[in-house]
Amino acid sequence: MSVLTPEIRRKIEAYLSRYPNKQAATLPALHIVQDELRCVPAQAVREIADMLDLSPAEVADTMSFYGIFRNEDRKLGTSRLWICRGLACALREGEEVLADVCHKLHVKPGDTSADGKITVEFVECIGVCEGAPAVLIDDTGRGNVTRDKVDALIEELRKR
Amino acid sequence: MVKFEPVLLKRILKKASPSFDAYRADGGYQALQKAVLQMTPEQVVDTVKASGLRGRGGAGFPCGLKWTFLPKGRPGPIYMCINADESEPCTFNNRVLMEEDPHQVLEGIILSCFATKATTAYVYIRYEYGASARAMQKAIDEAYAAGLLGDKILGKDFRLNVFVHRGAGAYICGEETGLIESLEGKRAWPRIKPPFPAVEGAFRKPTVVNNIETVACVTHIVDRGADWFKSIGVPPDPKNPRDPGSYGPKLYCISGHVNKPGLVELPLGVTTRELVEKYGGGVWKGKKAKAAIPGGLSMGLMTEKEFDIPLDFNGPSKVGCLGLGTAAVTIIDEDTSMVDVLFNICRFFEHESCGQCTPCREGTGWMLKIVDRIRRGNGRREDLDVLIEVGDRIGIMPGTTICGLADGAGWPVKTAIRKFRDEFESYIKEGTKTKALPLVGAH
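Sequence lines, in order, name chains A and B.
Take the first sequence: its position 84, counting from 1, is numbered 94 in this note's numbering, and each next residue is one higher.
Take the second sequence: its position 180, counting from 1, is numbered 190 in this note's numbering, and each next residue is one higher.
Hints were generated in silico from the structure; no laboratory data involved.
Where hints are given, some of them may not hold.
[As the list claims (entries may be wrong)] Computed footprint of chain B on chain A; a stretch qualifies when at least three of its residues, placed anywhere within it, have a C-beta under 8 angstroms from a C-beta of chain B:
#1 125 to 135
#2 138 to 148
[Claimed, not checked] Residues of chain A placed beyond 10 angstroms of chain B at every Cβ, according to the derived structure:
#3 Val13
#4 Pro16
#5 Ala34
#6 Ala67
#7 Glu82
[Unchecked claim] To give a feel for the contact side, a few chain A residues facing chain B, derived at Cβ under 10 angstroms:
#8 Ala35
#9 Leu47
#10 Arg48
#11 Cys49
#12 Pro51
#13 Ser74
#14 Phe75
C-beta: ideal position from N, C-alpha, C; glycine also.
Generate the whole structure from the sequences, applying the supplied hints.
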């Protein structure tokens, strides 16, 4: 049973002409699959390897190095809320924001809220230091997320 | 003395549209036309060499000189990788350049590829910069539509393809060979050098890796000339014949305990005190500053008494810091525990060590464990000497690791303990516990 839909395969194939070999399309392929399926299942690793003329071990080796990618046991929720723990944010209550979010959603970093809406993570400096404390929502940064803004942020993400 | 006017931030400060048409209307792509229609690639390389431009990614290597390391006349492709991985904590200047004036960056990329005869450029953008990736992709699409990318650019025998390649959350991808390994679809383990990328880089072909701010400078150097660039900044130290000087404008990122964190463009050589007081709105909450980091965490720590050294490529090393780094200046106030600051820094490097080299993998782990033990009130007398010893021994400078992450991990440990020793000693002697233990598993 193929996990990669024809649409996903089409998107991956579109990347192949950018590089002189197929292995270079590994990261784009992993991103495409995870964006669609909210994880990269083991079967997807095999199918990506097949498309890129690699062994599944090679794809799994790359995937395991980067903390972004999740296997099917730890599937992501609808939104991924990363809270920055870099120095500039920690100096302006970033750690307290992380604690507040975890307490309100009853999760620890890495887990997804019970309603499946929000996965909470800490993240290393996301480069929004002029707006510390900052968060990353999926792949878009947002600054000035102070402790008093946490409730509104959670409500916003619950509605997505 | 001519007052300095921002160049890199000029359009951004007046909130000009990032679109191709607006950039063109503001005089954009004239430098590219001049280069492609009136100059040879060799002349562009010579101009950049003459300007004294040094890389803005952290190492400060002379850009034009690096370009000359490419082999001449060898058949086959040359690649350019634009390093937009910007992950040095407290640094955000590349993000602002890409999000708000992507064509300035793109013009610099095309110019650099014209100069180095690269036929494909990969803009490696960290995953966390989604808005930057979208802005750069839009600019690239507009450039293709306008005939400034693809085959026969400006009607000449100049062919270039530019692709955005998204990272996946690893600081080590900012190291040029880590970036290349990641581009090739592997784990980002840096390579032993030599061979350097100019000889054998991406896909085993000659490759140049340049930072985003560096290529943005190339745009203006071709536009206004090498002499203009050298009229800004600090000339070489006459006592040091190997000093290439600190020329040109620099983006300084101000963060931490100031009233107005933000980005400012100034000639190289401004001091920390000027950044805090003239541009950063002063230390926050009416407090005094105790310490600062001059150029991202890897550079180590400065005391408040060291705030008057110029932040050019030479200044920070005179006070025991690793160098200018990314010119990301973070201010720490008098009420902050330096043990907490060092814990935050050690936690970052332990997490980001790629694990390839034993001294870094084990050393960052042990430095974190020891500092954590100190901040929980269980420090031991010998801890500080062990920390300094580890910090001194891991890295490319002591010759024990493949890349410089370990040097960056060791420098904050050494500088924090040497410059703030009494604070660490009082934790150990009095069994002080830090007030801000991690509140939830952020580690």
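Quiz item: Which earlier hints turn out false for this structure, listed by number in ascending order?
Solution: Violated hints: 5, 9, 10, 11 and 12; rest satisfied.
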